[in-house]
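There are 2 protein chains.
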Amino acid sequence: MEALRQPLKTMLPPVWILLITVYGLNAEGDGMEELATEKEAEESHRQDSVNLLTFILLLTLTILTIWLFKHRRVRFLHETGLAMIYGLLVGVILRYGIPATSYNHKTPPSCSLKEGPVSTLLLNVSGKFFEYTLKGEINSREIHNVEQNDMLRKVTFDPEVFFNILLPPIIFHAGYSLKKRHFFRNLGSIITYAFLGTAISCFVIGNLMYGVVKLMQMVGQLTDKFYYTDCLFFGAIISATDPVTVLAIFNELHADGDLYALLFGESVMNDAVAIVLSSSIVAYQPSGANTHMFDASAFFKSVGVFLGIFSGSFVMGAATGVVTALVTKFTKLHCFPLLETALFFLMSWSTFLLAEACGFTGVVAVLFCGITQAHYTYNNLSEESTKRTKQLFEVLHFLAENFIFSYMGLALFTFQNHIFSPIFIIGAFLSIFIGRAFNIYPLSFLLNLGRRHKIKGNFQHMMMFAGLRGAMAFALAIRDTATYARQMMFTTTLLIVFFTVWVFGGGTTPMLSWLHIRVGVDPDQDLQPSTDSFQVLQGDGPQAEGQSKTKQESAWLFRMWYTFDHNYLKPILTHSGPPLTSTLPSYCGPLASCLTSPQAYENHEQLRDHDSDLIHNDGNLTFMFGDTSITANGASGSGVDGAGGSGWSANGKRSGSTSEEALERELDSREQELLSRGTRLVFPIEDHV
Amino acid sequence: MEALRQPLKTMLPPVWILLITVYGLNAEGDGMEELATEKEAEESHRQDSVNLLTFILLLTLTILTIWLFKHRRVRFLHETGLAMIYGLLVGVILRYGIPATSYNHKTPPSCSLKEGPVSTLLLNVSGKFFEYTLKGEINSREIHNVEQNDMLRKVTFDPEVFFNILLPPIIFHAGYSLKKRHFFRNLGSIITYAFLGTAISCFVIGNLMYGVVKLMQMVGQLTDKFYYTDCLFFGAIISATDPVTVLAIFNELHADGDLYALLFGESVMNDAVAIVLSSSIVAYQPSGANTHMFDASAFFKSVGVFLGIFSGSFVMGAATGVVTALVTKFTKLHCFPLLETALFFLMSWSTFLLAEACGFTGVVAVLFCGITQAHYTYNNLSEESTKRTKQLFEVLHFLAENFIFSYMGLALFTFQNHIFSPIFIIGAFLSIFIGRAFNIYPLSFLLNLGRRHKIKGNFQHMMMFAGLRGAMAFALAIRDTATYARQMMFTTTLLIVFFTVWVFGGGTTPMLSWLHIRVGVDPDQDLQPSTDSFQVLQGDGPQAEGQSKTKQESAWLFRMWYTFDHNYLKPILTHSGPPLTSTLPSYCGPLASCLTSPQAYENHEQLRDHDSDLIHNDGNLTFMFGDTSITANGASGSGVDGAGGSGWSANGKRSGSTSEEALERELDSREQELLSRGTRLVFPIEDHV
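If you read the protein sequences in the order shown, they are chains A and B. Each residue of the first sequence is one higher than the last, beginning at 1263 in this note's numbering. Each residue of the second sequence is one higher than the last, beginning at 1263 in this note's numbering.
Careful: at least some of the hints might be erroneous.
When chains are identical, the list treats them as one kind, so a pair holds in a single copy or across two.
[Unchecked claim] Taking lysine-lysine pairs in the BS3-like style, the calculated list, with each CA pair at most 30 Å apart, reads:
{"no.": "1", "residue 1": "K1332", "residue 2": "K1442"}
{"no.": "2", "residue 1": "K1649", "residue 2": "K1591"}
{"no.": "3", "residue 1": "K1594", "residue 2": "K1332"}
{"no.": "4", "residue 1": "K1718", "residue 2": "K1594"}
{"no.": "5", "residue 1": "K1301", "residue 2": "K1487"}
These aren't lab readings, by the way, just hints derived from the structure by calculation.
Modelling step: build the complete structure from the supplied sequences, incorporating the hints.
Here you go:
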């Protein structure tokens, strides 16, 4: 992964410099040259301000236009698409509208050194020493270009800005705002699409692109090296989907919750997979002379890198989340929402730094931190802080996302090393289409073998259609544009993002109605068992049995986890769940009562008293009814559903439904809790049924 | 001002580098040297993460301890004082606990050039070119130190970080959270203390310090140059008071609102004055040989610079605020709080950039932008956005402030060019005490000649006591530590901040009770006319007349402004105030009705209908009663109070009170509106009485 951090010859970090460094030079000196340098630094600072201002005005303009569009209910163009258009316009103006100033057209002085490049260099100018820092290697053919086109270079960012500043809030927000009910219900499928699907997509695209590259070589369109690993790398970065446009419309139209969860979950997870995959491909460096042939040991090393980075980042993210949950549980910090919010923000940010400091991937860690925070810490926060944290990250996410997209528009005209290769671009468009198809359809078929709620054909087509590319693909592509191959990839990625966001994003609403996907679903009401599951449950034939068995097997691990989470993690990390004193073995008594929150007992007692009331009042009546009718149907009750929910009903209460349904109910009740926001008391309904 | 941007030889921006630039080097190269550089860059990135993580954990620890202190109602140590202590501890550990790694002990290679220093330098290493950027001039005696003590240099920031990242949110928040009622009631005094007082303080301290410097020269304690302008510069930076600790306790104990407003207003405004003053002093560069003698033309140039920068920054800030108010008024953006908050954030940030781009001072512009936003835009925002923006800036302010204070603690041990001069330090402590006394007591005496509500003796003592120094003094001092004089100033400033925050901050509660300053004042109830004003109003002797005349004169300009603001600016920029159709001349009819918000008519109508109801229900009953009793007292009603409030009662309604009282009522009702947060309708009570 570190290998990705390469010098971008043409990319400078001047705009952000304003935020951190403005070097003036020795204002008290009398010499002419120092005054000149001071003036130059001052001018540069002013220029930086103007550039950053340009971006801010661009975003302001975007916001106002978004408002206009939302106001008039225009849905064919999403805010990100709009941001790109404005970015394009400004890019055109910068490129063609502003004459290059003459004083910049000079080659900087150079000096020779026998040793290798060092990070710090001293310059001796007639006895005075000046300190210089290494910016990166520069291609010899570009030396005379260094100071040229200063304006264009000014508005280009260091690509690490995207990774270290703009992506983390976007990814964290994604994790933090997961709609847990639907997400956990579809976790197996999401993980399958994200891991297996992204890997398939990466390899399909990589191989197809290798064919395209071979074709280009034959036709003589390729002027520089383009290896197989480059193709695979392209496959990895372009496999990161980002259906932000589609999801925004889903949200607005209240489209089917499961489809939303599948798409959102997949896109969130596959970002993480794509990052780690691309680092692993870069880490694939066969030893010896045959540097671009297949090497088994290098391949396994790459797989090891993948697993190591992924699991390490996962552990980092989860650990910080757990620590935050513990801190917020065992302090009465919720009396001071400001402190709580600040702590939450700092802890979440520290995940990123911790992961980076340990050599893992900060962005991936931040994702899992967000999920953990939403699952545990969120329950411990004061009502005020839940709002504050949500809103804080919402604003950061919004600004960062629109910034990236408007920068993309700008980059099309201001990036100076574009390589537009028609064959490569057409090939890439075809490849991502085929790659997506190889991801969605076969995996959906396999998943449907094990799923009770099938992923229907129209859902599959919608997922196929929603394979937009966005911020992550761009950030991965711009991170390294040092070689010919990478420059061509960057250009192509940019075009793919434009095309998919505008065309597929704009076509979402027609597509939804064309595919007959139901919209206007009340998020609280769509938990009732669909007719599908009824049919499965009522059918007692061999097919149904086989299906339930598959389901049972596939869900086994998940149910284990759920039981563990509900019985131990929830009570330890939050104020909800059953008291640990009732779930832990008796010899852990003192520890258990120490860890259990007083609220947990309260919930428990309350539940015992108002048992039937709660069950009939919690809004899950439909579901309960469905459940009862299933039980009335004969052996199907806990037989077909398999799990029998006995694992976690430690108190030996009646358990009429399966743990999976209990899970759904729990998730449901939590979300209702989130929605109502008024009461902090959690009714542990799942403890009873 | 730009002259302040000097290279800080020992200050590097490595920690923030993580946020913006992580340069790895050519990962695909095969050469050993590139691999080594790559490894170095990777190591540096990791180190950066660790350092930033250190700060974040420091802040986390601070937050947890603050909670503990708040929980146990400990008041002798404020969070900022705590942050400094933690910073000190970490500084000690970094300084003495970590052995310097050996590989860093080498002098970097140097190369010679005949031309002056340039911003970009190319390095030719056996045919390969590397790009280097100028970091700054370096003292020849420190060349061998450049790579030494890497760990200590790592945790030092570029001083511009403070000015461009950390101060703006702090200052904006100060402006945005001004308690307008008390602020405007004491505006004249606040401006007097801030402008005249800071100037007095600066010159008193500057001259006393010049004496101290002369003494040091005589004793032989001074080893390098220390000019008169340096002394004045020190006077300017150390005149920026920051009673954050005191104000926090005031807030908690609900101390007197007027005293709070005086202290808070003074500290906010004098920060702005101190920045501009210090830049003006730097701009004072006498021409010719006598570079350190008094030069009238250079002096007037400095005054011009002061006025230019200050008014320019003011106009920038106010203009952006006005534009934001117009945008939020004339769009229905308040239906989308996220967009509204994002726009608000971007516009406020753009003030900073705009001012910097135009060569003014961003921080000062941001202050006035904050005040304008609070005065106008805040009224147009949706209920949700008012909360969001408040909370967003509250969190940013909190993090930035504690970061600065913990950094101060750290800097005491990690800054490498400290010059501890006992004479200078003792002299400085005495000078700031005397300077503060020359600011507060004479000005209070003068102000009391014109004030109806006197600034009593105990208030004056409290203001004297609350002359703490904090973030601004530190940021100004660290901005330039290139010369011997500046290094000595920096060390002294640091010690002054420590001492005042810990000792004066910790002594606030005892001091309040010792000075018999009333606490536990209900912010909504302390508007009743105090016995003071009653006595003045009842006394009809020559003294009372003279006083009322002085007051009248001094308040004339302010009342003009208030009338203009209420009749024209408020209706144009917000939804409140009287309709423009009733305040503008009739020939402006079409324009007036175009600019007036429909809500203004509604308010107006409603008011007409429920006239007496409103007056008796708006919580100002005490005030109304006081007013009536004054009127019943005979000629004193509008006679003594002078203004007669006819200027703005354009509709010819009964006007029983003065415009000043109406202003107070208006500000009061606005704050009640802020407090209730439930209704957005503004009752324009001031329109009637």
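Hints, one by one, checked against the model:
In this assembly of identical chains, K1332 and K1442 lie within 30 Å of each other by CA distance solely inside one copy; the values are 27 Å within and 35 Å between copies. Within a single copy, K1649 and K1591 get their C-alpha atoms as close as 18 Å, and across copies as close as 26 Å, so both meet the 30 Å cut-off. In this homomeric assembly, K1594 and K1332 come within 30 Å of each other (Cα to Cα) only across copies, at 10 Å, whereas the closest approach inside a single copy is 41 Å. For a Cα distance limit of 30 Å, the shortest separation of K1718 from K1594 qualifies neither inside one copy, at 48 Å, nor across copies, at 41 Å.
Taking the shortest alpha-carbon separations for K1301 and K1487, only the inter-copy value of 25 Å comes in at or below 30 Å, while the best intra-copy value is 44 Å.
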